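Q: Sequence:
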Amino acid sequence: MHGSERREQIIRQIQESKAPVSGTKLASFYNVSRQVIVQDIALIRAAGYEIISTNRGYILNQPKTVCRIFKVQHTDEQLEEELNTIVDLGGCVDNVMIHHRVYGKMEAELVLNSRRKVGAFMEDIRSGKSSPLKNITSNYHYHKVSADSEETLDLIEQELREKGFLVEERRQVV
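End of the sequence shown sits at 174 in the UniProt record's numbering; the numbers just go up one at a time, nothing left out.
The set of hints was computed from the structure by calculation and includes no laboratory data.
All of these numbers come straight from a predicted model, not from anything done at the bench.
Restraint ranges, calculated between C-beta atoms of paired labels, are given here:
{"no.": "1", "residue 1": "GLU109", "residue 2": "GLU80", "range": "15 to 21 Å"}
{"no.": "2", "residue 1": "TYR140", "residue 2": "ASP88", "range": "19 to 25 Å"}
{"no.": "3", "residue 1": "GLU123", "residue 2": "GLU151", "range": "30 to 36 Å"}
{"no.": "4", "residue 1": "GLN158", "residue 2": "ALA46", "range": "39 to 45 Å"}
{"no.": "5", "residue 1": "TYR140", "residue 2": "GLU109", "range": "18 to 24 Å"}
{"no.": "6", "residue 1": "HIS2", "residue 2": "GLN73", "range": "42 to 48 Å"}
{"no.": "7", "residue 1": "VAL102", "residue 2": "ILE69", "range": "18 to 24 Å"}
Quick list of in silico lysine-lysine cross-link-like pairs, DSBU-like style, CA-CA up to 30 Å:
{"no.": "8", "residue 1": "LYS71", "residue 2": "LYS117"}
{"no.": "9", "residue 1": "LYS144", "residue 2": "LYS129"}
{"no.": "10", "residue 1": "LYS117", "residue 2": "LYS144"}
{"no.": "11", "residue 1": "LYS117", "residue 2": "LYS105"}
{"no.": "12", "residue 1": "LYS71", "residue 2": "LYS144"}
{"no.": "13", "residue 1": "LYS71", "residue 2": "LYS105"}
{"no.": "14", "residue 1": "LYS129", "residue 2": "LYS163"}
{"no.": "15", "residue 1": "LYS117", "residue 2": "LYS163"}
{"no.": "16", "residue 1": "LYS163", "residue 2": "LYS71"}
{"no.": "17", "residue 1": "LYS105", "residue 2": "LYS163"}
{"no.": "18", "residue 1": "LYS144", "residue 2": "LYS163"}
{"no.": "19", "residue 1": "LYS105", "residue 2": "LYS129"}
{"no.": "20", "residue 1": "LYS129", "residue 2": "LYS71"}
{"no.": "21", "residue 1": "LYS105", "residue 2": "LYS144"}
{"no.": "22", "residue 1": "LYS129", "residue 2": "LYS117"}
{"no.": "23", "residue 1": "LYS144", "residue 2": "LYS18"}
Every residue gets a Cβ at the ideal spot worked out from N, C-alpha and C, and that includes glycine.
Turn these sequences into a full structure, and let the hints guide you.
A: Here's what the structure looks like:
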């Protein structure tokens, strides 16, 4: 196993563990020395992960986020209202996706988590020569939205529904 593969697995192990993961346990699991694990942890930190060393082992300090995909439809004039509704309630609009009958799935990263970022995005749309992705699928599109809790996502869903943006999926009975 290469070091990069081991480091990816170490990150996953620490993320998925409910308790701190000791360096000794990691060294034994990967059949390497404790010093190799210390070096791996340093490289993982350098890559941007906030690994905390405790007297019981390593933990990953990461904010808890949950995600949900919303199918929505609205006009160009309602685009800013839709995005601000999501960010005002504590959500982050991670992306926009469409399912085109000919071209298949198309997706663009957005990462809009504040009114300032929504404003900048809207300015890009208004001043550019491009139109929103939703326009090629009769305004139907999807957003992956992340938030700090399921309750926040529930509030976002409720507000999108009340504003008429949420598309309710029809379940087919077979």
